[in-house]
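**Q** Let chain S serve as the given structure and place chains W and H on it in line with the hints.
Residue numbers (our numbering), protein chains in the order written: chain S, 1 to 282; chain W, 1 to 319; chain H, 1 to 313.
Since the hints were derived computationally from the structure, they do not count as laboratory data. Just so it is clear, CB atoms sit at the ideal spot from N, CA and C, and this is done for glycine as well.
Only part of the chain W face toward chain H is listed, based on derived beta-carbon distances under 7 Å: (1) F94; (2) S100; (3) N102.
Quick list of the computed label-pair ranges, beta carbon to beta carbon: (4) W:R14 with S:G209: 49 to 59 Å; (5) S:H157 with W:A104: 29 to 39 Å; (6) H:A218 with S:S249: 58 to 68 Å.
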Amino acid sequence: MSQPLLSINNLTVQYQVATPVTAVNDVSLYIDPGEIYGLAGESGCGKSTLAYAVTRLLQPPAAITGGSIEWTASDDSRIDILRLDGETLRTFRWEEIAMVFQGAMNALNPVHTIGSQIADVFKDHGTRMTRAERTARAAELLRTVGIDDKRLKSYPHELSGGMRQRVMIAMALALRPRLIVMDEPTTALDVVVQRNILEEINRLRGEFGFAVLFITHDLGLLLEISDRIGIMLTGRLVEQGTPHALQNSPQHDYTQHLLNSFPSLRGDLPLTGTRYVAGGSR
Amino acid sequence: MTTLEALHLRKDYRVRGSGWRAARLQAVDDVSIIVRPGETVALVGESGSGKSTIAKMLVRLVDATSGTVTLDGETIGQGRRATKRYRSRVQMVFQDPFSSLNPALTIRHQLTRPLRIHGIVHSAAEEERELLRLMESVNLSPAKTILAKYPHELSGGQRQRVAIARALAPRPEVLIADEPVSMLDVSIRLEILQLLNDLKLERNLAVLYITHDLATARHFSSQIVVMRSGRVVERGPSDAVILNPVHPYTQFLVRAAPDPKSAPWIVDPNRHLGHPEVVVSTENLELTEENTSVHWVRSWDDDAAVNTMLASLASAQTS
Amino acid sequence: MTFSQQELAEPDLSKSEPDLSDETGGRRIVRRGSWKFWVGIAICALFAIIAALGPLLAPNPNQTNSDGLQAPSLQHLLGTTNIGQDVLTQVIAGTTGSVIIGVVAGALTVVLSMIFGVGGAFLGGKWDEASSLLSNVFLVIPGLPLLIIVTDYVQSRDILVIAVVISLVSWAGAARVLRAQTLSVRSRDYVDAARVASESTWRIMLREILPNLMPIIASQFVFGALGAILAEAGLSFLGLGAPGGRSWGSILFFAQNAQAISLGAWWWFVPPGLCIAVLGAALGLINFSIDEQINPRLRTLAVLRPKAKRGGK
Numbered sequence: 001m002s003q004p005l006l007s008i009n010n011l012t013v014q015y016q017v018a019t020p021v022t023a024v025n026d027v028s029l030y031i032d033p034g035e036i037y038g039l040a041g042e043s044g045c046g047k048s049t050l051a052y053a054v055t056r057l058l059q060p061p062a063a064i065t066g067g068s069i070e071w072t073a074s075d076d077s078r079i080d081i082l083r084l085d086g087e088t089l090r091t092f093r094w095e096e097i098a099m100v101f102q103g104a105m106n107a108l109n110p111v112h113t114i115g116s117q118i119a120d121v122f123k124d125h126g127t128r129m130t131r132a133e134r135t136a137r138a139a140e141l142l143r144t145v146g147i148d149d150k151r152l153k154s155y156p157h158e159l160s161g162g163m164r165q166r167v168m169i170a171m172a173l174a175l176r177p178r179l180i181v182m183d184e185p186t187t188a189l190d191v192v193v194q195r196n197i198l199e200e201i202n203r204l205r206g207e208f209g210f211a212v213l214f215i216t217h218d219l220g221l222l223l224e225i226s227d228r229i230g231i232m233l234t235g236r237l238v239e240q241g242t243p244h245a246l247q248n249s250p251q252h253d254y255t256q257h258l259l260n261s262f263p264s265l266r267g268d269l270p271l272t273g274t275r276y277v278a279g280g281s282r
Numbered sequence: 001m002t003t004l005e006a007l008h009l010r011k012d013y014r015v016r017g018s019g020w021r022a023a024r025l026q027a028v029d030d031v032s033i034i035v036r037p038g039e040t041v042a043l044v045g046e047s048g049s050g051k052s053t054i055a056k057m058l059v060r061l062v063d064a065t066s067g068t069v070t071l072d073g074e075t076i077g078q079g080r081r082a083t084k085r086y087r088s089r090v091q092m093v094f095q096d097p098f099s100s101l102n103p104a105l106t107i108r109h110q111l112t113r114p115l116r117i118h119g120i121v122h123s124a125a126e127e128e129r130e131l132l133r134l135m136e137s138v139n140l141s142p143a144k145t146i147l148a149k150y151p152h153e154l155s156g157g158q159r160q161r162v163a164i165a166r167a168l169a170p171r172p173e174v175l176i177a178d179e180p181v182s183m184l185d186v187s188i189r190l191e192i193l194q195l196l197n198d199l200k201l202e203r204n205l206a207v208l209y210i211t212h213d214l215a216t217a218r219h220f221s222s223q224i225v226v227m228r229s230g231r232v233v234e235r236g237p238s239d240a241v242i243l244n245p246v247h248p249y250t251q252f253l254v255r256a257a258p259d260p261k262s263a264p265w266i267v268d269p270n271r272h273l274g275h276p277e278v279v280v281s282t283e284n285l286e287l288t289e290e291n292t293s294v295h296w297v298r299s300w301d302d303d304a305a306v307n308t309m310l311a312s313l314a315s316a317q318t319s
Numbered sequence: 001m002t003f004s005q006q007e008l009a010e011p012d013l014s015k016s017e018p019d020l021s022d023e024t025g026g027r028r029i030v031r032r033g034s035w036k037f038w039v040g041i042a043i044c045a046l047f048a049i050i051a052a053l054g055p056l057l058a059p060n061p062n063q064t065n066s067d068g069l070q071a072p073s074l075q076h077l078l079g080t081t082n083i084g085q086d087v088l089t090q091v092i093a094g095t096t097g098s099v100i101i102g103v104v105a106g107a108l109t110v111v112l113s114m115i116f117g118v119g120g121a122f123l124g125g126k127w128d129e130a131s132s133l134l135s136n137v138f139l140v141i142p143g144l145p146l147l148i149i150v151t152d153y154v155q156s157r158d159i160l161v162i163a164v165v166i167s168l169v170s171w172a173g174a175a176r177v178l179r180a181q182t183l184s185v186r187s188r189d190y191v192d193a194a195r196v197a198s199e200s201t202w203r204i205m206l207r208e209i210l211p212n213l214m215p216i217i218a219s220q221f222v223f224g225a226l227g228a229i230l231a232e233a234g235l236s237f238l239g240l241g242a243p244g245g246r247s248w249g250s251i252l253f254f255a256q257n258a259q260a261i262s263l264g265a266w267w268w269f270v271p272p273g274l275c276i277a278v279l280g281a282a283l284g285l286i287n288f289s290i291d292e293q294i295n296p297r298l299r300t301l302a303v304l305r306p307k308a309k310r311g312g313k
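Chain S on its own, in the form it takes in the complex (with noise of 0.2 Å):
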């Protein structure tokens, strides 16, 4: 447990276009294993380019100008995640980081049913498996996630948004992935739904003992859900700490205005009027 299992040092991401944006600055956080780290941030902050980045999934004209990301393989062997390419990269997204994006859910395929596309990942990571084996594994892995297996033969469309989003996570879990990126997982469904999700990934987390890196807006989720909680604000991590911590005695301005802007739901409505102005950007 002494090795972080990612840890980002310095991490700068630009997207160089006319007036380049640095859109992460020198952003420096680890992740231990098993650990649920919350990322928020308001819209444009940089928390998804940050879960791009960390994926290795950027595209032009973003690219990271500097810093590094480093991995801890299970053997215990640093792999410098910025060195990835080629076929290694993509072994390595799915077997070692896994992704759920927001909008993941409308990726599914419309005319392959739920059962062959969680299947797929297997064939496409060259596992040996019989397609019987397959289609056990797809089972199983669409019960874990709480749906029943009945729905192997379901197309997208059956489903509600809840359960595509959780197919996704069954598909991100199949190849038993150390850390999952979730970027707004849950921001397009309604909260009973929501909550469902939640506690699901945290048994989940549970059982297979993987890491969650939790990128939201909603920081409210963020202190019952986390760990840790990293809060961003353009492009720079202005705090970290448990949410115990950041709740009681919020170092940073902005911190303290992001908790004042999610009243609580059973408590009292806490003092507006403080408006936090980012070097008066806005």
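**A** For chains W and H alone, kept in the frame of chain S given last:
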């Protein structure tokens, strides 16, 4: 000022079912809402609960299948002129300020039109004065500069302020706010809600605040109406509905909403037995695919009571 | 079936960093790549000028002289035809004809498709069903055979008549496109907002909906013009063009009749053919650039420094 009374609203949609028969979808089923001047009523529900359809019926973008809407007891006719008169008294703020302002027109144009249509201003000087007043009332400054801009040059919060100003232009007495902050950045949501609250007090508006967010519904309204699948499941004073939810669905909502500062609500499916005013029918809490899966029971197993309730509902359904 | 995480990721990238397109120069990206537009416009303008000045530059294209089938020379820059007409003069006169056909047919296509596409979609209900039915019927009628029959049937085969006939058989596709776009614009919130403000139906149509259809209307005009020029060239080549009229197609027709190819008289058929190709390409470029403006997915983001990722290899 004006009380909006919407009684027994109903909206059926014909959807193409299988075969020749057109199926009917009851988007809104016998919903009544009363909003009094200087009061905010929150209409709470998840997506698909029919709350947006109600908003559209109340500003006559959608015709109700049945039901009556009166302003101070007065029914207003359906003709073009009557509708215009109605809309000068009932206005709406849309959910998405990125799509509710025409990208091709300046802010000035978009605010001037309602002033002219509803005959609020009669001269250029008056118009200018009224525009500046509107901008000031939604705290947009410098007014002149912003009036000359196009929507894409403004931030989300500024756009929503413009949208509020546009709704206020005809000097309405009733304001329907359909998820006015859900598309905005979290850090400015409270500001906009606070603005709506101030405007309500200042102009003695009757405000219907439509939202899926229980917390802001509680803090910014005096009454809450909870909807599910087109029907009202629970209503009452805000604090009562949130702090002591009775209907199992409301309890689920309260339980599910993130609230790190308070202890989780423990769902008690039998609470409604002591509250005859809250009617719980199994039909009303019909179990969808979503929540009948094995999973549902498993994930809620910290609340033993939920299991009991789901079991009783399931048996009620099969019998 | 291939199903890569890349695919899963892509739809989100645009949404995940919305601020990029704000203030920070994102807007300049959009303008990039518009060289296509300007090149297209420049070529079209050139042809338009030639077309407009055609009657002055080539007052009498049918004038013959004794030197038949001459290769290009100083006297006849593009040579002569078999009966001694100057090819350059012919091409200039043909430009006038072809451009008129393009403009008239393009405009007519837009008018028809707006009536049946935009009108139907905006009014909805029975109007929509009727106009959809009509455009669907026209869509499945095979264009060229109908063109041949109609042009054969009409008495006066004036160049304008040809243009009208071409647009009559080709407006339906444009109407479908405009209908779809109108339906999408009509359901946007700002149209609802205008209705809540009690704007009149006409104003909503003219101020709220039409401006947002302009790029598509422009692109349909360009597309219609391009199609008409090609169709007319085809008709003329088959000998169904306007008998008195001059167009690039009719030059090709006469060249073909006189067996210019086997006689090796390249100067006779290459210039009009090239004109068709170049104007067609120019219109195509304009269309592409409009498309890129409408459809952000086609926009290629300009990367200033395609620097290798640090530690990339």
